[in-house]
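2 protein chains.
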Amino acid sequence: MKLLFNTNFLYSPMDGVVAVHAPATVANMVCGFDVLGFAVKEPYDEMYIRFTDKPGVTIINLDAYNLPTEPELNVAGAALLAMLEEIPEPIGFELSICKHIKPGSGVGSSAASSAGAVVAANRLLNDRFSKQDLVRFAMNGEKVASGVKHADNIAPCIYGGVTLIRSIFPLDIVPLTAPELYVTIVHPQIEVRTADARSILKQQVLLKDAIRQWGNIAGLVAGLLQKDYALIGRSLEDVLIEPVRSILIPGFDQIKQLSKEAGALGGGISGSGPSIFMLSKDEATAKAVEQQMHSVYESLSLDHHTYVTTINDTGVRFVNQ
Amino acid sequence: MKLLFNTNFLYSPMDGVVAVHAPATVANMVCGFDVLGFAVKEPYDEMYIRFTDKPGVTIINLDAYNLPTEPELNVAGAALLAMLEEIPEPIGFELSICKHIKPGSGVGSSAASSAGAVVAANRLLNDRFSKQDLVRFAMNGEKVASGVKHADNIAPCIYGGVTLIRSIFPLDIVPLTAPELYVTIVHPQIEVRTADARSILKQQVLLKDAIRQWGNIAGLVAGLLQKDYALIGRSLEDVLIEPVRSILIPGFDQIKQLSKEAGALGGGISGSGPSIFMLSKDEATAKAVEQQMHSVYESLSLDHHTYVTTINDTGVRFVNQ
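Top to bottom, those sequences are chains A and B.
With our numbering applied, the first sequence corresponds to residues 807 to 1127, in that order.
With our numbering applied, the second sequence corresponds to residues 807 to 1127, in that order.
Worth double-checking, as some hints may not be accurate.
Stated by the list, open to error - Listed below are the simulated EDC-like cross-link pairs for lysine to aspartate or glutamate, each with C-alpha atoms no more than 20 angstroms apart in a straight line:
| id | chain 1 | residue 1 | chain 2 | residue 2 |
| --- | --- | --- | --- | --- |
| 1 | B | Lys860 | B | Glu848 |
| 2 | B | Lys1033 | B | Glu986 |
| 3 | A | Lys908 | A | Glu997 |
| 4 | A | Lys1014 | B | Asp978 |
| 5 | B | Lys1066 | B | Asp1034 |
| 6 | B | Lys955 | A | Glu997 |
| 7 | A | Lys955 | B | Asp1015 |
| 8 | B | Lys1014 | A | Asp1015 |
| 9 | B | Lys1033 | A | Glu848 |
To be verified - Among the chain A residues that face chain B by a calculated CB cut under 7 angstroms, a handful are:
| id | residue |
| --- | --- |
| 10 | Leu970 |
| 11 | Ser973 |
| 12 | Val1011 |
| 13 | Ala1028 |
| 14 | Leu1031 |
Calculated directly from the structure, the hints in this document are not laboratory data.
By construction, the Cβ of each residue, glycine as well, lies at the ideal position given by its N, Cα and C atoms.
Given these sequences and hints, build the entire structure.
What follows is the structure, given as structure tokens:
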């Protein structure tokens, strides 16, 4: 993404500006549909916020995605408006956004905008709100993006690492300590609308499949906390969502199979897709997995981007502070 | 349970007898239907095994429950027969059982018999088989008892502590380290057949309920491994099975509510019932919970037994060795 402005020139800490990097996130984590997610180191969005005299929210786009700048229609704007509702004094925020995470890629582009905005704004406010408050505000951005207040991208973006959202109402976020994990992501340049990916799901599932699913999520949580890579690998199985949603993603089965043959622990659809992620124990394997992803999409003549990165334990990161 | 024989007199290590205590177990653990279970210190069955010249399995009842002694119809016998199928040499086992865990109580009476038998037999065989093998053999006892090969009582009985059965086919057992927990169990003297408790369940469930359930099991596993008592308490919620099955257990809702008011972290149906269990952080609370259980069943004029115990980290225990 080519920048429209040289942001380093525009903003410096001298201006009372808070600058953040808001990372991409992978929701669901195969067997944890709607309740698990993790942040990655790359890609990330750059965001800059400062107070302005004009109360309310002003959005400035520094990228070429041409996203709405009306605060109510902008995911970051909606998150900031929710925050302002709980601030008694009249305050104005000017938020400048340079997105590098392509909207609709399935790696939490909207969550990065919403989460980055409220984390940055909270620093301007001397950290008045808790992380849980920030998740609550940012979920309003997700509602703008997909119609549903969900937190499986927002929570890891704000807390970093792997997070469990045990419950949305009431909000109960559980950070999970994970061992070192390398992440390979491939983003095929096709569009899968979150709303479509949701509507394709059945509202009823077989109890026996649900049991298998919660055996797997229990195994995945135990594998992460006990640093048991083999258990993580065995638990990365989704018998409910993946079989339905993966048909929307060309080459999915082949990428999964070749990635595992290349040594990946496992992986699946990132969020509602179309991106696919794979977890590996070391960087060499993660790069070998990337090669397999390239080869599948080259054979299908499908444009795609790949990332080899790691789990991001920090979440939204302050820059120049 | 009054013993028919003085077992201390009958058997001693001098006779080449292996003696074990096989503990009661609590399956499901509220949100972990079919995949979680834990062992308790009390009650437990006493079992004695030795080689005999007669190949096959001979069962001797030392209690007054009058359970079948034909090995194929006896849960411990069926488990030993499954073990014998994988032993090339002709071997005879003589197993004497003194049950203290009442059959049908919902705290793994059949599992104690099956698990105790194969653990004791394996010691006679100089520990030829792995714990996982023993679970596999003992599951044949569960099939005799309830028609289904399940491991959520067997696995904790053999491994001790809290165990996750991530998968039955293939068998994948994950021991989970738990913090100190006190367990109060009440067994109302009514009969709930496992088959009835199974048939009452719906084969299809709402996806949104399943999501809530796997959020809870993920929270429970994280709470146990991170020794977070509050999280354990919040996660002990079952939106799928308990609402259906609890109608078979008189006083269930009242006992649950009063137990929580007395300080219990939470709890629910033990296995398929009728026993109810509650977890507490300390013994005083566990005893206060016991008093609440007494008061509810006394007000209903319902005969009942209670136990205040702790999680049993050992599982089946060798005696006099």
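Cross-check of the supplied hints:
1. B:Lys860 - B:Glu848: 34 angstroms, violated
2. B:Lys1033 - B:Glu986: Roughly 9 angstroms separates the two Cα atoms, so the pair holds.
3. A:Lys908 - A:Glu997: 11 angstroms, holds
4. A:Lys1014 - B:Asp978: Given that 20 angstroms is the threshold and the Cα spacing comes to 17 angstroms, the pair holds.
5. B:Lys1066 - B:Asp1034: Holds, at roughly 17 angstroms.
6. B:Lys955 - A:Glu997: Violated - the C-alpha atoms of glutamate 997 of chain A and lysine 955 of chain B are around 45 angstroms apart, more than 20 angstroms.
7. A:Lys955 - B:Asp1015: With Cα atoms ~17 angstroms apart, lysine 955 of chain A and aspartate 1015 of chain B stay inside 20 angstroms; holds.
8. B:Lys1014 - A:Asp1015: 14 angstroms, holds
9. B:Lys1033 - A:Glu848: The hint is violated at about 32 angstroms.
10. Leu970: With a minimum Cβ separation of about 5 angstroms from chain B (threshold 7 angstroms), the hint on leucine 970 of chain A holds.
11. Ser973: 6 angstroms, holds
12. Val1011: 5 angstroms, holds
13. Ala1028: 5 angstroms, holds
14. Leu1031: 4 angstroms, holds
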